[in-house]
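> Below are the chains, spelled out letter by letter.
Number of protein chains: 2
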Amino acid sequence: MLEATEAGQTLSEAAFARQTPGLRVALINAQYDLSTADFPVIVVLAGDDRLGCNATLNTLHEWMDARYLEAFALRPPSDEELERPRLWRFWRTLPGRGQLGIYFGGWSQQVVADRARRKIGERQFARRLAHGALFERTLVADGALVLKFWLHVSKREHKRRLKRAGKRDRAIDDRDWAIYEHYDRGMPLAERMLRETSTGGPAWHILESTDARFRDVFVARTILEGITTRLAERKPRRRSRARRGPAGTGERPVLAGVDLSFTLPRKRYKTQLARLQTTLARLTREAALASRTSVLVFEGWDAAGKGGVIRRLTNAIDARDYRVVAIAAPTPAEAAHHYLWRFWRHLPRAGTVLIFDRSWYGRVLVERVEGFARTDEWCRAYDEINDFEQQLVEHGILVRKFWLHLDQATQLERFRAREETPYKKYKITEEDYRNRERWQDYEAAVDEMVTRTHTKDAPWTLVPSNDKRVARVEVLRTVCKGLKQAARTS
Amino acid sequence: MLEATEAGQTLSEAAFARQTPGLRVALINAQYDLSTADFPVIVVLAGDDRLGCNATLNTLHEWMDARYLEAFALRPPSDEELERPRLWRFWRTLPGRGQLGIYFGGWSQQVVADRARRKIGERQFARRLAHGALFERTLVADGALVLKFWLHVSKREHKRRLKRAGKRDRAIDDRDWAIYEHYDRGMPLAERMLRETSTGGPAWHILESTDARFRDVFVARTILEGITTRLAERKPRRRSRARRGPAGTGERPVLAGVDLSFTLPRKRYKTQLARLQTTLARLTREAALASRTSVLVFEGWDAAGKGGVIRRLTNAIDARDYRVVAIAAPTPAEAAHHYLWRFWRHLPRAGTVLIFDRSWYGRVLVERVEGFARTDEWCRAYDEINDFEQQLVEHGILVRKFWLHLDQATQLERFRAREETPYKKYKITEEDYRNRERWQDYEAAVDEMVTRTHTKDAPWTLVPSNDKRVARVEVLRTVCKGLKQAARTS
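Residue numbers (our numbering), protein chains in the order written: chain W, 1 to 490; chain G, 491 to 980.
What the hints contain is simulated information worked out from the structure, not anything from laboratory work.
Restricting the straight-line Cα-Cα distance to at most 27 Å, the calculated cross-link-like pairs of lysine-lysine (BS3-like) are:
1) Lys163(W) with Lys760(G)
2) Lys757(G) with Lys914(G)
3) Lys645(G) with Lys609(G)
4) Lys760(G) with Lys958(G)
5) Lys653(G) with Lys270(W)
6) Lys914(G) with Lys958(G)
Sequences are here, hints too, so could you generate the full structure?
In structure tokens:
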């Protein structure tokens with residue numbers, strides 16, 4: 001595959017001089033048009049030609065308007081990055097809609113290098129390829145224009161450059177020697193990566209980069225064409241309100257199986273709560289010292305008592321060791337990115353208990369039912385979510401998800417009671433009553449959500465919450481159990 | 491000062507039950523009103539009572555609407571944080587206008603603890619107090635409401651708690667023992683910190699926190715009063731267009747002293763450029779390996795050739811080792827913060843050459859001349875900028891600033907030439923011609939800027955740029971010289 005590009009393609013000085021002025025004007029105009037468009041552009045500049053990537057990045061800086069692009073040349077990961085799943089460093093810097101980001105090396109080049117130098121085994125190589133490929137498909141499905149370039153030079157050309165380097169080339173260094181040394185093992189791995197991350201997702205542009213003029217013009221022209229083509233086909237987004245996906249699972253009535261009749265007398269509750277909170281205090285302190293992170297997700301019907309449950313948790317945890325993230329409507333910056341972006345950004349440093357008061361499941365609950373997300377969007381969200389959580393788990397993070405369940409009659413009682421408590425009144429709006437009319441739609445969405453995203457490592461707990469005491473004790477118990485398990489297996 | 495608070499203040503259970511419901515309603519209403527206000531609220535929760543701070547934070551989470559507050563309980567700094575000046579971790583998380591952030595411990599508690607445990611000497615203690623105090627004054631001057639609480643308990647109470655802890659209190663741990671052990675040395679240091687960070691800036695609320703009800707209601711009520719008072723006094727910002735500050739220095743015509751007559755023949759330029767770029771490549775690679783950061787600031791007249799100069803730099807530096815930040819109009823998120831916020835956020839990981847194409851000096855240049863900043867805003871910007879750069883320098887960062895100077899005739903020539911080059915045409919707008927009419931206003935602003943912010947460690951270089959070759963060589967030479975110096979002294 002790579003060898004096939006070694007065709008000696010060049011661009012003459014005259015042709016270069018003729019083409020570039022027009023290309024530069026068009027590029028800058030495309031950048032302006034992009035700035036008001038509703039999609040981001042992600043350019044990946046990778047390859048076995050390190051110097052070529054360098055030079056092309058410089059050329060793009062020169063030809064384009066630097067105020068409307070951002071380049072990310074990632075250095076070895078920091079400890080903040082090492083404390084999160086591997087793709088976090090890409091998520092945290094992703095361009096928003098209308099913006100352009102250039103990734104130098106990208107995630108894929110590192111995978112190939114790590115495998116070529118035997119830093120990782122076959123299994124991890126395959127897993128990282130799979131996560132990376134899904135990452136790209138996720139961005140593309142969300143509307144991103146992803147343009148990937150692999151800059152290749154032949155082994156002979158590598159050798160020629162290195163030989164010459166001794167004499168006068170200031171730019172060649174150890175890294176180029178390393179590429180040459182691992183060339184024979186590296187190229188088949190690169191080809192495999194290129195193949196596996198092209199199908200179903202954005203394709204790679206593989207090019208011979210021996211001739212600088214050919215290379216720079218090719219890359220610039222491809223970026224230009226990508227943007228202009230995309231701008232031309234732009235059409236208003238159709239908002240489909242279909243609430244049931246084409247796949248249509250969720251036949252099993254999950255919620256119906258929750259026994260809401262449990263109650264817990266006040267006194268026994270007090271004793272159990274105190275005991276569980278003492279245990280939780282110890283376990284979370286130990287987890288913090290051992291840098292073990294937990295992610296707890298809370299979803300549930302309005303007035304099911306999420307807030308109260310969460311406070312019973314945080315009261316037992318040191319303020320430095322937890323973080324509550326309450327999810328409201330997205331900010332403009334959040335709306336300008338893939339919906340998972342803001343959750344990636346919230347991932348905490350190692351050793352934290354991160355509590356989500358509502359979460360990414362909004363995509364397949366409220367956004368699905370109210371039609372804020374298109375059918376194709378919420379349908380593919382199940383896979384995106386499973387992969388996201390799988391990355392957390394593989395990174396050693398404990399993931400537990402809770403659905404607080406109650407019946408309609410109990411909910412109505414609580415709405416009424418809230419309206420009579422002055423400081424709880426703000427929690428009840430007309431919308432809450434309106435949502436009740438959609439009870440069955442929500443029920444179907446919850447059923448499907450649980451069915452599709454309940455996994456061994458990131459399980460749902462359906463918490464009977466008609467009695468708040470039962471709910472609190474149940475959640476505390478589940479969290480403690482999870483923390484103990486995590487302590488044993490880590 | 492602290493002892494004076496040990497008055498045994500309490501709040502009875504009955505009074506607490508009577509007061510809290512109204513307080514909670516008022517707090518939540520204040521939060522809603524705040525969300526559309528034009529100032530941020532920063533609450534600092536610090537003190538020698540670690541458990542009290544913990545408990546109060548929990549209470550605030552319970553009483554307020556968690557979706558409209560964010561709490562920051564900082565853990566030991568990460569390497570990403572250690573690679574930047576100390577206050578970066580606060581800048582990176584500052585709430586925007588209309589938002590509320592609670593800082594647990596804040597910067598000040600750490601300073602006291604570090605000094606009490608003799609991790610830092612007297613000089614560093616004084617310096618960190620000074621930076622911290624100016625940091626707070628900067629935020630307040632920019633409109634932030636800063637509410638600081640120091641929660642104090644007497645030595646006797648500390649002792650009592652620790653004694654009791656052996657028996658049953660699960661919450662007490664080593665950190666509380668450490669506070670007690672260093673109590674006698676710590677309290678005078680705390681008092682000094684409290685004094686030095688109260689004058690001229692936001693005052694501390696010092697309170698005895700032995701009684702939990704008294705403490706929580708006091709803190710909540712003070713926050714509420716702070717916000718409502720501030721909301722009531724809100725008045726539209728007056729936009730003053732005065733372009734000369736009251737202090738009125740800048741009598742020395744700095745720019746007039748720049749000799750613009752230098753020229754450099756093409757051949758000598760080529761030789762010098764190649765030599766300097768080779769040196770720069772080596773020096774920046776060495777700096778990257780030694781984790782030495784540089785910050786290069788470029789300002790200058792339109793068409794003075796900033797872009798060309800910057801490209802001559804980046805062409806010689808490895809893509810992983812530099813970052814160009816082109817400053818355009820602020821984004822909504824940037825506009826919602828102090829103007830220095832976005833520059834703090836851009837501070838890179840250690841070992842990077844960070845190049846600003848325009849910078850924080852916009853505050854005292856375009857914003858001053860065009861009246862985008864009020865007179866008091868740009869007048870105090872000189873101090874804020876000097877302190878910012880001083881923090882960079884103290885952190886070991888090389889700071890060099892360049893003003894690219896040319897005369898009006900040369901500028902006009904270049905405008906005309908640009909209009910005739912297709913891919914440069916976009917660089918010329920009517921605004922550029924309009925700015926020429928303000929030449930003298932800008933000249934005065936530049937003179938004052940250089941006079942007030944030219945320091946030994948963060949010096950300006952006035953670069954004669956009538957001949958672009960002269961400018962490029964001059965900048966490269968200055969940067970190389972700076973890097974060499976930094977290598978020697980680090």
